[in-house]
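Model the placement of chains B, C and D on the given structure of chain A, informed by the hints.
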Amino acid sequence: MTDIWRMIARRLLLGLLTLFVISLVIFGATELLPGDLARELLGQSATEETLAALREQLGLNDPAPVRYWNWLTGVLQGDFGVSMATQKPISELVGARLGNTLFLALYAAALSVPLSLLLGVLAALWRNSIFDRASNAMALTSISFPEFFVAYILVLFLAQTGIFPSMVRITAATTFGDRIYMAFLPALTLTLVVTAHMMRMTRAAIINLLASPYIEMARLKGMSPLRVVLRHAVPNALAPIINVVALNLAYLITGVVVVEVVFVYPGLGQLMVDAVTNRDIAVVQAIALIFAAAYVLLNLIADVLSTITNPRLMHRR
Amino acid sequence: MTNLILPRGISRRGLLQGAAAIGAAGLILPAGARSAMAQAKKGGVFRIGLGHGSSTDSYDPGLWEQLYVQTFAAARVNYLVEIAADGTLVPELAESWSSADGITWAFAIRQGVTFHSGKTMTPDDVVASLNHHRGDASTSAVKPFFDPVTDIKVDGQNVIVTLNAPNADFPYLMSDYHIPVLPSADGKIDPNTSDGTGGYIVESYEPGVQATMNRNPNYWKADRAHFDQIIMLTILDPAARLNALMTGEVDLIDQVDPASISLLESRGVSRIISVSGNAHYVFPMDARAAPFNDNNVRLALKYAFDRQELVDKILAGHGSVSNDNPIGPANRYFHAEMEAKTYDPDKAKFHLKEAGLDTLEVTLSAANAAFSGAVDAAVLMSEKAAAAGITITVDRVPDDGYWDNVWMKKPFCASYWGGRPVEDQMFTTAYAAGAAWNESFWDNARFNELLVAARSELDDTKRREMYHEMQQLVSFEGSTIIPMYNNYVMAVANNVGTPEKISANWNLDGFRCVERWWFA
Amino acid sequence: MTMLLSLIIGLGLFFAIGWSSRLAMHAVAPAQHKPIYRDMPLTAAFGIAVILIYVLVATLAPLIAPFGEGEVVGDQYLPWAAPYHLGTDKLGRDMLTRLIYGARNTVGIAFATTALAFVVGSILGIWAALQGGWVDQVLSRFVDALMAIPALIFSLLLLTIFGTSVLTLILVIAAVDATRVYRLARSVSQGIVVMDYIEAARLRGEGTWRLIRREILPNAMAPLVAEFGLRFCFVFLAISALSFLGLGIKPPTADWGSMVRENATLITFGDITPLLPAGAIALLTVAVNFVVDWQLHRASGLKE
Amino acid sequence: MDKQVLLTIKGLQIEGRSGDAWHKIVKGVDLTLHKGEVLGLIGESGAGKSTLGLAAMGFARDGCRISGGTIDFDGINLRTAPEADRRALRGKRIAYVAQSAAASFNPAHKLIDQYCEGPVIHGVMSREKAEADAVELYRRMRLPNPEEIGFRYPHQVSGGQLQRAMTAMAMACRPDLIIFDEPTTALDVTTQIEVLAAIRDIVRQFGTAAIYITHDLAVVAQMADRIKVLLRGDEVEEADTRTMLAAPREDYTRSLWAVRSFARAEQAPASGTPVVSVRNVTAGYGAVDILKDISFDIHARRTVAVVGESGSGKSTAARVITGLLPPRRGEILMGGKPLPASFKARSRDELRQCQMIYQMADTALNPKLRLRELIGRPAEMYLGLKGRALEDRIRELLALIELEPDKYIDRLPSELSGGQKQRIGIARALAAEPALIICDEVTSALDQIVQEGILKLLDRLQSELNLAYMFITHDLATVKSIADEVVVMQQGVVVERGPKSDLFANPREDYTNLLLSSVPEMDPDWLTRLLAARGGNA
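Residue numbers (the working numbering), protein chains in the order written: chain A, 1 to 317; chain B, 1 to 520; chain C, 1 to 304; chain D, 1 to 538.
Pulled out of the complex, with its shape left as it was, chain A reads as follows:
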């Protein structure tokens, strides 16, 4: 167990380093973006005079390293600052959106992970059968359409017929049940997008193991095909499966801006695009760090789970 704690500690440190690098990359990139916050806020009607006044007011006239340093020292003290555009604390701005994003990600995961594992296991069990080929072809088809397109088609069939709402309107008063109902279409869209990948990896990971001597041994012990796959193959295929699930969960958190736009879902992706468009650098940084942290943490969790489920790593000689 101490090994695991050591690994977690080491990975967390590395994760912090990653976050630091990302904050530099993002800051550098936003610096390179043409235009600045003042320009974006005033839009077409900006004049040099008003721009200068607004820049002064927003503190955009400091040199870039100074602004980065100020931001960094703030973050190190746990203060992500205020949105320069709205003067609201970033924690407040991002908090609700983060909750929404996590809700949608978990919702989609709750649909897609069991589904893809089930399909993957069945495809491996009945490999080369009609079921296997059909599910594979369907999975491929579902990932080969752009996300927004999948979303529109779902809206056409499921929202225009009045079964589900075509957009998500979440307020503080929305009940959990309503949320589940309203967010069904975006969750389903995401499910269609990520299921294929997870299913194919699950199938491949299991089939990869079916040539192992211990699988043959299990069959020679008279175990049924289902038991062979579930009891003997799956536990050993967990590491790659966990990894691909983690990767897709990270995607569900960080990569869903298009689905957010289509379903008017107030998540972090849309907020980040807004912030990039408006050069609201503090917000961009905060969200980039949240995304990166989600990615790092999910990968870490995946590695820890892979370790825990692997007796060779858990129980040393």
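Simulated from the structure, these hints should not be mistaken for laboratory data. Quick reminder that beta carbons are idealized off the backbone N, C-alpha and C, glycines included. Be aware that one or more of the hints could be misleading.
[Said to hold, decoys possible] Think about it this way: if two alpha-carbon atoms lie no more than 25 Å apart in a straight line, the pair counts; the simulated DMTMM-like pairs of lysine to aspartate or glutamate are:
| # | chain 1 | residue 1 | chain 2 | residue 2 |
| --- | --- | --- | --- | --- |
| 1 | C | K250 | B | E206 |
| 2 | D | K368 | C | D196 |
| 3 | D | K110 | A | E49 |
| 4 | B | K341 | C | E199 |
| 5 | A | K88 | B | D312 |
| 6 | B | K188 | A | E49 |
| 7 | D | K110 | A | D3 |
| 8 | B | K409 | A | E49 |
| 9 | B | K409 | A | E48 |
| 10 | D | K344 | C | E199 |
| 11 | D | K344 | C | E71 |
| 12 | D | K421 | C | D136 |
| 13 | C | K34 | D | D62 |
[Said to hold, decoys possible] Incomplete in silico selection of chain C near chain D, CB under 10 Å:
| # | residue |
| --- | --- |
| 14 | V194 |
| 15 | I198 |
| 16 | A200 |
| 17 | A201 |
| 18 | L296 |
Only chains B, C and D this time, still in chain A's reference frame:
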């Protein structure tokens, strides 16, 4: 000014007659009946889905710049004056205004109006609200409006504004959406307040997502603000907006994708409202830079594309051809008798030859940030120009940063104007030499001279002549291609009632759908 | 009923194309490779046929297309009737022509992008695996950091900075993809560098470049090719998603991703026009992956 | 042998698929097994012994099919019985013990869970009873800590113990028949003895019939009542063990029996400067020393065999000499001059002098390169050969290793047999024209007849080319046939070293003695005698 209400299946004439007959008979309107002529009914939750709005939107009026915040404001606040649906200037918080010389303007402020907070609105609040846009520290987009203002002071129930030069149209400027009257303390307004004197009180607001407002029970206008509640949503994706309207999740959407208009109409769940006004799409050319410094080149380009095709394909017919004229048919001094420019490759070639050229190669930078369909419009122009020996290379640039990197930086690009209620404002803003937003960098001595003269000319006929000459100059010597006036196209659920006349001043009935419209 | 009918027609086409292409390839293939083709699954034969058709259409686009790429030939949204067999788009350009040129541009760009990503990603990945130590650590940590930034938003950022010419589009998507390729190439190579033949080559005193090129790369090809197939298809989707966010290929260049986007609203009304470019992408994706699956299956040697 | 017949196989044919064609693996074999009898199946790789063994369970591997003949197990026709019925037999009445217990135990589950799976699923006994039973069988298999060992994961248990645990698992349902598929091949000789003894005892105790598959005659001699010899899917002959050993009828059987007879002529004593000297080398990974102060010399035209069980450090010694693992202390001299510790610092000529041949030709040859490049590259690199000269040299080398140049020069390694691949490894080493070749277990993955060919080739090349060999092996038979000097290693220490004849005749150290005495002999009573000599059955 025209007002086209295009109900599905029923001709406009038939509709008007039918509604009038019902009204005359004094019958109770059956549910779902057209209600254009009916009395506005109170009640209902009006849900608006707009293709604007960002998480960085703020309450600061100096920073308002798009339809969401503009309409959100129209629900919450009032202005000194209002542009009525017919384009005339009518009182709002100022009961009247007057000036003897066009330099000193007195606005008589209405009494007995209260803010949502319960505070009474006073002339001091008006002064503070105006001063928010003045001075070196001001970050307001309309600061230039106030540059000629030398003084603003309270005189009893009046507010006196003094200018440094006569301006006959100054009261019109006070209708600008940036300049609401907000509560003040110690001579300053709080730019981040949600308070106002308007018809609705903010219940919740999440920038870039949605706002919920409830009717102000103490609203001083008795015949306005009919809905119980207004919910404004940001729905950036055009298809999502259409879906929301078709599934009954919103009652009004803006920016209907021209391609979908006929399809939407055939669904029968909503009707299209298309309002023609002064808004226009433009392609400014940098008059200082070769080859655009030669008026023959500019004329060649003006004859080298098909304006009607742009109206048909980019606006799906919801607009009209413009003769490179920024002054629209809704303006008072619109010059309708100018020689019309049509697609004429021979004429374009002729002008090229005049400029000493056989062929011409130019790059047109466009992004849909300039206006919806700008890139397609550029492509269509490029296609047609080829016949005149003109190669227009369309450079699609990112939406992001368009106004910063392209507009007024690239010699030939796309842009738009919302139209201005008065000619002077339009010309001063975008065509006067040295004006901050003179996007074509055009500098015409005669035009500049006329502009100053017309501003203080009080004789209407003379003024009309001056403005006509100026339009002629812009059209045939100017450096801006203005192919079309674009209608404001919106779609509403069938049960939304609208006045017969819908303002062409700005989109969504001059932003005032929130207080002028009702549920039938 | 129509759905059932089209399903039957679709399946029929699939078998017909798969069957005939397998026969054709079997007939054309050199003698020692004949068994490969006789034994190939129908899906793979179908995939190869589809890819060949696409390549043919792409290379011969100017010859096949009835009109010019950006040519406005008539009114907008004309119905499917001669001479506009698939109707016209919103500017009145011939849809069929746009689709054909779209094949050329989209496939060309996707190929260039993927190829670039693979050259850069796999060379760096193999190098990192081969060197180990701090080279590996620095490269991998950096790639990790880049991968932690959502791809779409990262591309958005880069494209906004550098503009959206075809070249920058290729470079940016390739840069984002290269990180994924790097990860794969590295992990595959880590399995190879411990092989005795790599040790033998090192002991022989071979240089790094030769180790990468002759000793490791040929053995890492199978999974890299499989990934190539997937990445290749994701480029269309990336372009499409970017075009959704207002960036993408410049007009009047026809490109499927942008075409899907341009016409996407129509799907809301059940109009199938947007299905054409989307279907073109989907068909190619499925075809490529059928072939990749087959190749992987052959490479793995696993008898199922 | 008039006991009841348990298993009858008649005219069995099994086909395997390669690409799209089916070819015969087993070509009509008959087999009869009585209750309680142990049948030894012997043959080289490709003889079809495992396939036949699995067919006795009514099982064909993926890609194989039983295409003819009958399999009758205790009145049940295993070819026609429904799959469910066959599944019910497997593990319950017919059990299987695989070659590599380490690979055949599922790494995800504890030993006892895997033990109990069969009895519980087959409904033979409850989980509690199965656990108690497991402890009992572990005890009988003489596993240490029988109460606890079941609660370990496979990777926590040594290879010999795992093999015994697997035998116990096979016994769990008290089957009528067990198939042993090379159960001791992967084990060290000293461990092999214990496992053999345990298997033999338990089979006898329960009176279980068994098919014992192996390529090692000496082993089968200890275990089987009868022996059947297979060659490429055909039966060569069958007889009871003693008859078979004493008087094989067929030529092929006799050639199998004769394999161990090769021994190279005794060389003159070493003299002059050694090609390579290992001087007081201590080396290891991390904080652990694998090698502890070892020294030995290798002279030209002589073969030094480094012998030891797995983990003794013999391969590490090779890595130190090649420079892959720089030593912590001590040095390597080549021709009397010290070599740089790391191969990266060595000159091209120093690298050329010392070449290596690997155990697994499959992983030692880049599968994507043709023989031309595999063999030609060292010649091109070290000797600067190009074009015609290079082509000639490659052909010369192919001829030297007895492969027809025209036929093989453009082949890929996958188009060669195991022995041919190993020859390519030799040619690649020769192409560099080295002074020393390190042979790391080069014959242990090969069949015995092929092994002999390789050994003879190496012997011939040594005298023709003046080579020095460092021969790393765990197989004492190989040592006996090819070595001039022997270095015995145990746990990183050189236990004993000296000329082969001395060492085999008078081992001075106990460990050397143990090693030597553990090599099975082709005498059916050898195991019994040895166990008795070592102090009873325990």
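Hint check results:
1. Annotation: proposed proximity of C:K250 to B:E206 is violated, straight-line Cα distance about 35 Å (limit 25 Å).
2. For the given pair, D:K368 sits about 14 Å from C:D196 by alpha-carbon distance, which is consistent with the 25 Å threshold.
3. Annotation: proposed proximity of D:K110 to A:E49 is violated, straight-line Cα distance about 76 Å (limit 25 Å).
4. For the hint linking B:K341 to C:E199, the alpha-carbon distance of about 79 Å lies beyond 25 Å, and the restraint is violated.
5. The suggested pairing of A:K88 with B:D312 is violated, with an alpha-carbon distance near 45 Å, which exceeds 25 Å.
6. The straight-line distance between the Cα atoms of B:K188 and A:E49 is roughly 21 Å, inside the 25 Å bound, and the hint therefore holds.
7. For the hint linking D:K110 to A:D3, the alpha-carbon distance of about 21 Å falls within 25 Å, and the restraint holds.
8. Restraint check for B:K409 and A:E49: satisfied, since their Cα atoms lie roughly 18 Å apart, inside the 25 Å limit.
9. With a CA separation close to 14 Å, the supplied pair B:K409 and A:E48 stays within the 25 Å bound.
10. Restraint check for D:K344 and C:E199: the C-alpha separation of about 12 Å stays at or below 25 Å, so the hint holds.
11. At most 25 Å may separate the alpha-carbon atoms for a hinted pair to count; D:K344 and C:E71 exceed this at roughly 64 Å.
12. With a C-alpha separation of about 33 Å, the suggested pairing of D:K421 with C:D136 is violated against the 25 Å cut-off.
13. Of the pairs offered as hints, the one joining C:K34 and D:D62 holds, with about 24 Å between alpha carbons and a cut-off of 25 Å not exceeded.
14. Annotation: C:V194 was flagged as interfacial toward chain D, and the flag holds, the nearest CB pair being 9 Å apart, inside 10 Å.
15. Checking C:I198 against chain D: minimum C-beta separation of about 8 Å stays under 10 Å; hint holds.
16. Using the Cβ-Cβ criterion of 10 Å, the hint placing C:A200 at the interface with chain D is satisfied: the shortest such distance is roughly 6 Å.
17. Evaluation of the C:A201 hint against chain D yields a held restraint, the C-beta minimum of about 8 Å falling below 10 Å.
18. Residue-level restraint check for C:L296 is violated (minimum Cβ-Cβ distance to chain D is 16 Å; threshold 10 Å).
This entry does not satisfy hints 1, 3, 4, 5, 11, 12, 18, going by the numbered hints stated previously.
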